[in-house]
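Protein chains in written order, with the numbering used here: chain S, 1 to 116; chain R, 1 to 111.
If you're looking for bench data, these hints aren't it; they were derived computationally from the structure. Hints may contain errors.
Here are the simulated DSS-like cross-link-like pairs (lysine-lysine), alpha carbons at most 27 Å apart as the crow flies [said to hold, decoys possible]:
1) R:Lys103 / S:Lys11
2) R:Lys52 / R:Lys103
3) R:Lys103 / S:Lys57
4) S:Lys96 / R:Lys52
5) S:Lys71 / S:Lys57
6) R:Lys3 / S:Lys57
7) R:Lys69 / R:Lys106
8) R:Lys106 / R:Lys52
9) R:Lys3 / R:Lys52
10) S:Lys96 / S:Lys71
11) R:Lys69 / R:Lys103
12) R:Lys3 / S:Lys96
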Amino acid sequence: DTGVSQNPRHKITKRGQNVTFRCDPISEHNRLYWYRQTLGQGPEFLTYFQNEAQLEKSRLLSDRFSAERPKGSFSTLEIQRTEQGDSAMYLCASSKIEDRSTDTQYFGPGTRLTVL
Amino acid sequence: DAKTTQPPSMDCAEGRAANLPCNHSTISGNEYVYWYRQIHSQGPQYIIHGLKNNETNEMASLIITEDRKSSTLILPHATLRDTAVYYCIARPQGGSEKLVFGKGTKLTVNP
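Please build the complete structure, drawing on both the sequences and the hints.
Structure (structure tokens):
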């Protein structure tokens with residue numbers, strides 16, 4: 001399967017612990033996005049990268065959240081000192097942009113985080 | 001906030017066409033209309049997008065009104081596997097490319 005992959009698919013943690021999620025985009029996609037989705041709501045944008053550069057961050061991305069894409073390929077999203085309000089589905093998407101035309105984002109299956 | 005409005009839910013009989021409406025009366029001239037769907041507990045799946053002209057692919061057809069204030073996603077022969085939440089999104093060409101999702105339409109295909 002050459003789609004976007006995310007690991008782990010499920011994570012249960014205790015409040016105050018740190019967690020890290022990984023996203024592997026579609027090969028040769030230069031943009032990578034992170035979204036968060038809570039129950040009954042549509043996904044909300046968190047941040048995105050073009051190659052290694054993090055170009056935009058949402059106000060939802062508090063200082064406990066950090067995302068990296070060190071080599072312009074896979075990305076990690078870390079949440080420090082997790083809180084129960086962090087429980088959500090974390091979605092990754094990737095796209096390929098070559099010019100000013102609009103790219104299409106393709107999503108992975110998500111990582112479901114439960115903070116106890 | 002999302003720039004589009006959609007009915008919260010719709011029903012469709014299996015084998016019939018499902019027509020999902022979307023209102024985007026404030027859409028800008030450079031904004032595309034994108035459709036995604038999300039089957040329970042899965043990531044959103046891209047369906048189709050368009051700017052002015054009607055579009056068709058193997059999954060669906062997108063009909064955009066001439067004034068671009070609304071559009072309709074058509075699933076020509078709905079199956080039970082098409083039961084999902086469908087999101088209509090207005091997205092500008094170029095610049096920040098984030099998708100702004102609303103609550104979408106929950107489509108239930110009944111046998």
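Each hint tested on the structure:
no.	hint	in the structure
1	R:Lys103 / S:Lys11	holds (25 Å)
2	R:Lys52 / R:Lys103	holds (24 Å)
3	R:Lys103 / S:Lys57	holds (22 Å)
4	S:Lys96 / R:Lys52	holds (22 Å)
5	S:Lys71 / S:Lys57	holds (19 Å)
6	R:Lys3 / S:Lys57	holds (20 Å)
7	R:Lys69 / R:Lys106	holds (22 Å)
8	R:Lys106 / R:Lys52	holds (25 Å)
9	R:Lys3 / R:Lys52	holds (17 Å)
10	S:Lys96 / S:Lys71	holds (16 Å)
11	R:Lys69 / R:Lys103	holds (19 Å)
12	R:Lys3 / S:Lys96	holds (24 Å)
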